[in-house]
Amino acid sequence: MADVVFLALSVITIGCAIAALEMRSLIYGSIALMGTLGGIAGFFLLLDSPFVAMFQLAVYVGSIAVLILFTVMLVKRELIFKKVEDKRRKFVGIALMLVFIVALGSIIMDSGIKTITTDEPAVDFRNIGADFLTYYWPALILMALILTSSVTGALILARREDENEQRTD
Amino acid sequence: MSNELIDFVLVSVAMLGIGIYGLSVKRNAIRMLFAIEIIINAANLNLVAFGRFLPHSGGQTLALFSIAIAAAEVAVGLSLIIVAYRMYQNIDIADFRSLKG
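These protein sequences, in sequence, are chains A and B.
Its first residue numbered 1, the first sequence is counted upward by one per residue in my numbering.
Its first residue numbered 170, the second sequence is counted upward by one per residue in my numbering.
Keep in mind the hints are simulated off the structure, nothing from the lab.
Mixed in with the good hints there might be a few duds.
[Stated by the list, open to error] Listed next, with one range per pair, are the computed distances between beta-carbon atoms:
#1 B:Gln258 to A:Thr134: 48 to 54 Å
#2 B:Ser235 to A:Ala95: 26 to 32 Å
#3 A:Val11 to B:Ser235: 23 to 29 Å
#4 B:Ala212 to A:Leu133: 23 to 29 Å
Where is the CB? At the ideal position from N, CA and C, for every residue including glycine.
Next up, chain A with everything else stripped away, as it sits in the complex (with noise of 0.2 Å):
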């Protein structure tokens, strides 16, 4: 059965992950986000994996969610409090979750991996380090090289195009 830890977390992340949705104010909702990120970091906590919780909160919380508050901050001051939608969409969309998560987690409960526990050590994080090193690199090299150029085209995308224009006048 759950703790009380694990309980707490998930309250956290899934009231975190509903209010970053449904805020009025964009900037509110960025930082909702930010405590879904934060609220999975610590589920990765309780799982036994610090490495993996920390590389989360260096990138999402840490990055990520800073980018995205910015981006929101360059946004025009009415379209971030403006807020779009019809309501026969919005009750077709709360059916639809209704209808997946039912689904899903009915799934879920009647296969097999409801008696699943463990009580073997946790895996070490040096054979983290020896996966990327051994059987991952190809796919290491890769995500470096994936990194690099979805950064490079991400400011090549952003870069304003009139800049010349505006040095000659």
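Use these hints to put chain B onto chain A, whose structure you have.
Chain B only, in chain A's frame:
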């Protein structure tokens, strides 16, 4: 370990449902990006949970790969939103009708 695998998987299913709701209802481009982030995090939680209960180090390794790729995806997505905002002066995806440059 007092927690069972089913608890983590159910939290992951709930987050996946919330993300699908956000993707289908919201029309704000940045909020749709939030929903995508929530779905990716649900997938990462599943990877680490199954990796812990096997136990096998592959789950954590693949979760690290997934986090790094998600960072690249968010950078490109945000810059696309900025370009679209500059073109249309709006972040409502119903306005992004033409893809002419």
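Hint-by-hint comparison with the structure:
no.: 1; hint: B:Gln258 to A:Thr134: 48 to 54 Å; result: holds, 51 Å
no.: 2; hint: B:Ser235 to A:Ala95: 26 to 32 Å; result: holds, 30 Å
no.: 3; hint: A:Val11 to B:Ser235: 23 to 29 Å; result: holds, 25 Å
no.: 4; hint: B:Ala212 to A:Leu133: 23 to 29 Å; result: holds, 24 Å
Of the numbered hints given earlier, the model fails none.
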